[in-house]
Amino acid sequence: MIDRPAIFITGAAAGIGRATAEWYAARGWFVGLYDLAGSACEGLRQKFGAEFAIAESLDVTDASAFEAALTRFWARTGRLDVMFNNAGILHTGEFAEMPLARHHALVDVNLKGVINGAHAAFQYLKKTKCSCLINMASASAINGTPAFATYGATKFAVKGLTEALSIEWARHGVRVMDLLPLFVATPMVNNVAVPPKSVGRLGVNLTAEDIASAVWRASQWKLWPRTHWYPGTQTQALAWSNKLLPALVNRISTKLVTGY
Numbered sequence: 001m002i003d004r005p006a007i008f009i010t011g012a013a014a015g016i017g018r019a020t021a022e023w024y025a026a027r028g029w030f031v032g033l034y035d036l037a038g039s040a041c042e043g044l045r046q047k048f049g050a051e052f053a054i055a056e057s058l059d060v061t062d063a064s065a066f067e068a069a070l071t072r073f074w075a076r077t078g079r080l081d082v083m084f085n086n087a088g089i090l091h092t093g094e095f096a097e098m099p100l101a102r103h104h105a106l107v108d109v110n111l112k113g114v115i116n117g118a119h120a121a122f123q124y125l126k127k128t129k130c131s132c133l134i135n136m137a138s139a140s141a142i143n144g145t146p147a148f149a150t151y152g153a154t155k156f157a158v159k160g161l162t163e164a165l166s167i168e169w170a171r172h173g174v175r176v177m178d179l180l181p182l183f184v185a186t187p188m189v190n191n192v193a194v195p196p197k198s199v200g201r202l203g204v205n206l207t208a209e210d211i212a213s214a215v216w217r218a219s220q221w222k223l224w225p226r227t228h229w230y231p232g233t234q235t236q237a238l239a240w241s242n243k244l245l246p247a248l249v250n251r252i253s254t255k256l257v258t259g260y
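Residue numbers (this note's numbering): 1 to 260.
Keep in mind the hints are simulated off the structure, nothing from the lab. Remember, predicted model here, so these are calculated numbers, not experimental data. One or more hints might be untrue.
Result set (DSS-like, lysine-lysine): computed pairs, CA atoms no more than 25 Å apart in a straight line [said to hold, decoys possible]:
| id | residue 1 | residue 2 |
| --- | --- | --- |
| 1 | K112 | K159 |
| 2 | K197 | K127 |
| 3 | K112 | K197 |
| 4 | K255 | K159 |
| 5 | K47 | K159 |
| 6 | K112 | K127 |
| 7 | K159 | K126 |
| 8 | K197 | K243 |
| 9 | K112 | K47 |
| 10 | K255 | K243 |
| 11 | K197 | K126 |
| 12 | K222 | K129 |
| 13 | K126 | K112 |
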């Protein structure tokens with residue numbers, strides 16, 4: 001058991017997950033580091049110190065492995081203040097030209113992985129006072145976007161799941177939120193072989209540290225219920241335009257930005 005708050009992070013080896021782990025570790029939290037790249041997580045654990053972190057290899061699509069990882073985490077910590085469902089993958093391109101296996105992989109990791117994490121974490125979240133579940137969604141869940149069709153569909157689903165659980169779990173004292181950023185400078189975005197036109201036109205204006213800061217603010221937020229977080233002014237402008245402008249205008253804007 002530990003005497004400090006604890007966070008469980010999936011996709012912790014690089015990008016947003018790693019930045020978030022470093023952010024929380026710097027503030028004295030115990031950090032659970034989980035990723036397919038377990039060796040990278042182990043390197044972070046050594047950096048933070050064995051008494052301040054745990055690191056394991058985890059495939060979020062494996063529900064049994066997810067449950068076992070959370071059982072071991074709980075045995076070590078006796079608490080789960082923040083569950084950060086961050087692990088995700090990105091495949092872009094014309095829907096019909098993308099191999100079906102890539103569509104299925106997106107659903108398995110980005111949606112089923114989040115469901116697995118939420119389902120396994122609930123029993124521990126409800127036992128921890130003022131706990132929260134934070135899911136990584138995307139600005140792709142604001143408007144359906146060409147070249148991001150299935151990726152965006154998984155994020156729309158995560159957004160809907162977050163909204164439902166934020167109501168269901170409120171009576172258990174568990175807050176549920178998501179983050180919906182535009183493009184973030186991470187290996188996942190930077191390594192796209194042929195970036196869609198929208199990436200070049202909108203730019204990659206957020207850093208992994210920006211998102212880590214947003215995760216922190218969301219986890220500490222207790223003023224009033226707030227489900228969706230839109231990091232960055234550009235993302236906030238997109239969200240507000242989607243709410244305030246007619247659907248036809250938003251559709252035309254999406255076509256112009258994406259080159260369709």
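Comparing the hints with the structure gives:
no., hint, result
1, K112 with K159, "13 Å, holds"
2, K197 with K127, "46 Å, violated"
3, K112 with K197, "28 Å, violated"
4, K255 with K159, "23 Å, holds"
5, K47 with K159, "34 Å, violated"
6, K112 with K127, "24 Å, holds"
7, K159 with K126, "21 Å, holds"
8, K197 with K243, "24 Å, holds"
9, K112 with K47, "31 Å, violated"
10, K255 with K243, "18 Å, holds"
11, K197 with K126, "43 Å, violated"
12, K222 with K129, "13 Å, holds"
13, K126 with K112, "21 Å, holds"
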